[in-house]
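**Student:** One letter stands for each residue in the lines below.
There are 2 protein chains.
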Amino acid sequence: MKKIAVDAMGGDFAPQSVVEGVEKARNKYPDLRFMLFGDEQKIREILTSDKNIEIIQTTEVIDMNDEPVKAIRRKKDSSLVRAAYAVKEGKADALFSCGNTGALLAAGLLIVGRIKGITRPGLLSTLPVLTKEGGAFNLLDSGANADNKPEQLYQYALLGKYYAESVRNIKNPRIGLLNNGTEPHKGSKLTLEAHNLIAADSSINFVGNVESKDILKGVCDVVVADGFTGNAVLKAIEGTAGTAMHLLKDTIMSAGLLGKIGGLLLKPSIMKIRNKMSASQYGGAVLLGAKAPVVKAHGASDAETVYYTVKQINDMLENDMLSKFTDYFNKNV
Amino acid sequence: MKKIAVDAMGGDFAPQSVVEGVEKARNKYPDLRFMLFGDEQKIREILTSDKNIEIIQTTEVIDMNDEPVKAIRRKKDSSLVRAAYAVKEGKADALFSCGNTGALLAAGLLIVGRIKGITRPGLLSTLPVLTKEGGAFNLLDSGANADNKPEQLYQYALLGKYYAESVRNIKNPRIGLLNNGTEPHKGSKLTLEAHNLIAADSSINFVGNVESKDILKGVCDVVVADGFTGNAVLKAIEGTAGTAMHLLKDTIMSAGLLGKIGGLLLKPSIMKIRNKMSASQYGGAVLLGAKAPVVKAHGASDAETVYYTVKQINDMLENDMLSKFTDYFNKNV
Chain U
1451 MKKIAVDAMG GDFAPQSVVE GVEKARNKYP DLRFMLFGDE QKIREILTSD
1501 KNIEIIQTTE VIDMNDEPVK AIRRKKDSSL VRAAYAVKEG KADALFSCGN
1551 TGALLAAGLL IVGRIKGITR PGLLSTLPVL TKEGGAFNLL DSGANADNKP
1601 EQLYQYALLG KYYAESVRNI KNPRIGLLNN GTEPHKGSKL TLEAHNLIAA
1651 DSSINFVGNV ESKDILKGVC DVVVADGFTG NAVLKAIEGT AGTAMHLLKD
1701 TIMSAGLLGK IGGLLLKPSI MKIRNKMSAS QYGGAVLLGA KAPVVKAHGA
1751 SDAETVYYTV KQINDMLEND MLSKFTDYFN KNV
Chain S
1451 MKKIAVDAMG GDFAPQSVVE GVEKARNKYP DLRFMLFGDE QKIREILTSD
1501 KNIEIIQTTE VIDMNDEPVK AIRRKKDSSL VRAAYAVKEG KADALFSCGN
1551 TGALLAAGLL IVGRIKGITR PGLLSTLPVL TKEGGAFNLL DSGANADNKP
1601 EQLYQYALLG KYYAESVRNI KNPRIGLLNN GTEPHKGSKL TLEAHNLIAA
1651 DSSINFVGNV ESKDILKGVC DVVVADGFTG NAVLKAIEGT AGTAMHLLKD
1701 TIMSAGLLGK IGGLLLKPSI MKIRNKMSAS QYGGAVLLGA KAPVVKAHGA
1751 SDAETVYYTV KQINDMLEND MLSKFTDYFN KNV
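Quick mapping for you: the protein sequence lines, in order, are chains U and S.
Heads up, the first sequence is in the working numbering, so the first residue is 1451 and it goes up one at a time.
Heads up, the second sequence is in the working numbering, so the first residue is 1451 and it goes up one at a time.
Wrong hints could be hidden among the right ones.
Note that the list lumps identical chains together, so a pair holds whenever it fits in one copy or between two copies.
[As the list claims (entries may be wrong)] Calculated lysine-lysine pairs in the DSS-like style (CA-CA distance at most 27 Å, straight line): (1) Lys1667 <-> Lys1710; (2) Lys1474 <-> Lys1639; (3) Lys1741 <-> Lys1761; (4) Lys1636 <-> Lys1717; (5) Lys1474 <-> Lys1452; (6) Lys1492 <-> Lys1774.
If you're looking for bench data, these hints aren't it; they were derived computationally from the structure.
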């Protein structure tokens, strides 16, 4: 029986979408338990049944404008900080929030804490492989760090491997290193050193360097990057996809009658593309290297996204991903 | 009267598209002169008139698989190396190729040479602002370097400013620094230092940090980045746009009869988006910081792209961009 500590107040549509998504997940996964941290009255207005759900009243909320580390230190009775302490104290097995990303990362690092041997936990995101039905890849670190060292990129290769095995059920996942060219001799000082470290570990199915133009085509299952570049690439992909969809919509709307009819006939197809590109079914971003799953879903998450993210957390807990991490790093570092 | 040294053999459709594009530009710009380096016989098979065009016979070609620096050193009679020497020796004012990017960069750095005071020239690319008709922005460095220092990013801010003023006729162009957040306190060691250097120069219209998700929306005219991140972002944007267009096409093709009719009715609109996203009318990538314009058009360039790239080179020469660079850096460095 595993328990998830949920920041019920984080996110644009909180607590509504969080509570609805949690209830849906509760109905699907009878072995899961939930601790909902937040404004009890507001939560109860939405909650239909408190089966397997415990509500913990908190009085503060960390919002999107709060400076992360400061907020974690000062808002001691916030839904996020209280949820993080529940994990730290062993009352819950995972931390989940749709709120301020920086604050969640800070709570993960400073309250939940790092696995011994992992110097800089990294944020793992899941993105769609656009050319393959249902395909996906992970990008790690997608932004927990602004500066990384080669050894940390090597650790991301290992963390990403265990994640892909545990949660995505991929045997021997293909690990690629994000670089400015595919040839082994190409790269920055950082990627050249990281390349050698990863290549030297025969337990990793290393496919070598990958370029950002190819990752959406599924050239590997896990893309390892430093947090600065990973973040820039993630946001470039999201920005381009979002802008392209807007452009398509605007173009159809201003295309005259025939164009509008065309748009109408194509609507189901365009919705299919939109869904493929949308993040909701791929779950949340995971801070890998923390002592427990620390998971962030998008601020604009609806109940569906919350549900899928709980499913993802359940996969991590069911397959005991954290024990695999700690076993490995306690033995090897 | 300005002269452009053209590598007529570089690119997927060379010399055909190169010669056709040059002739079109020759007809448009009577003050320009061209030196076409390559296989004279092949060039003459395409050339309709040699007015203002001189052909220089060369016997070697650097292809896409050649290792750049090695190729520059060994293939002394290649069309690219001979064209670069023409610039170095003052016989031509600019270097243009659609061939191997690395080799062109190496020729720019090692043969044409750097402007005094500029330690690491950067590659400037032009991308479309998707939300604004005809809008565009520059990204610099988009991949000439794998590792950059803060002072170099500051130099890119200056080089980008002069470029936008000279070629794009933008008064007081808005310069942004690519970063992992817009707040001034965010960033890597590199971007934090670069931010301070750029912000301290009151001659620069610095709009602060920009994120890769916003640059396609035109938040600034010039995006300054280190070459590794700039390259990753450029390729992520190109990869996402390309994959999205493919996905749209595939979805229409498999959408059944109504969907296909819809696709047909929408075809003009979709072509409009494609054109907006396509690189051809935005010209080539420019190695800024070299002693003369060193310009690379896409390997798959058609005659139209070659024509637009010559127009872009003409703008740089007409507005004497290089003198502005050298005046500034000779005075200030």
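**Student:** Against each hint, give a clear statement of whether it holds in the structure.
**Tutor:** Each hint tested on the structure:
Taking the closest pair of Cα atoms, Lys1667 and Lys1710 come within 27 Å of each other only across two copies (25 Å); inside a single copy the shortest separation is 31 Å, beyond that limit. For a Cα distance limit of 27 Å, the shortest separation of Lys1474 from Lys1639 qualifies neither inside one copy, at 47 Å, nor across copies, at 44 Å. With identical chains, the CA atoms of Lys1741 and Lys1761 are at most 27 Å apart within one copy only, with a shortest distance of 19 Å there and 58 Å across copies. Taking CA atoms no more than 27 Å apart as the test, Lys1636 paired with Lys1717 passes in neither setting, with 43 Å inside one copy and 41 Å between copies.
With identical chains, the CA atoms of Lys1474 and Lys1452 are at most 27 Å apart within one copy only, with a shortest distance of 17 Å there and 71 Å across copies. Taking the shortest alpha-carbon separations for Lys1492 and Lys1774, neither the intra-copy value of 38 Å nor the inter-copy value of 63 Å comes in at or below 27 Å.
In summary, the numbered hints that this structure violates are 2, 4 and 6.
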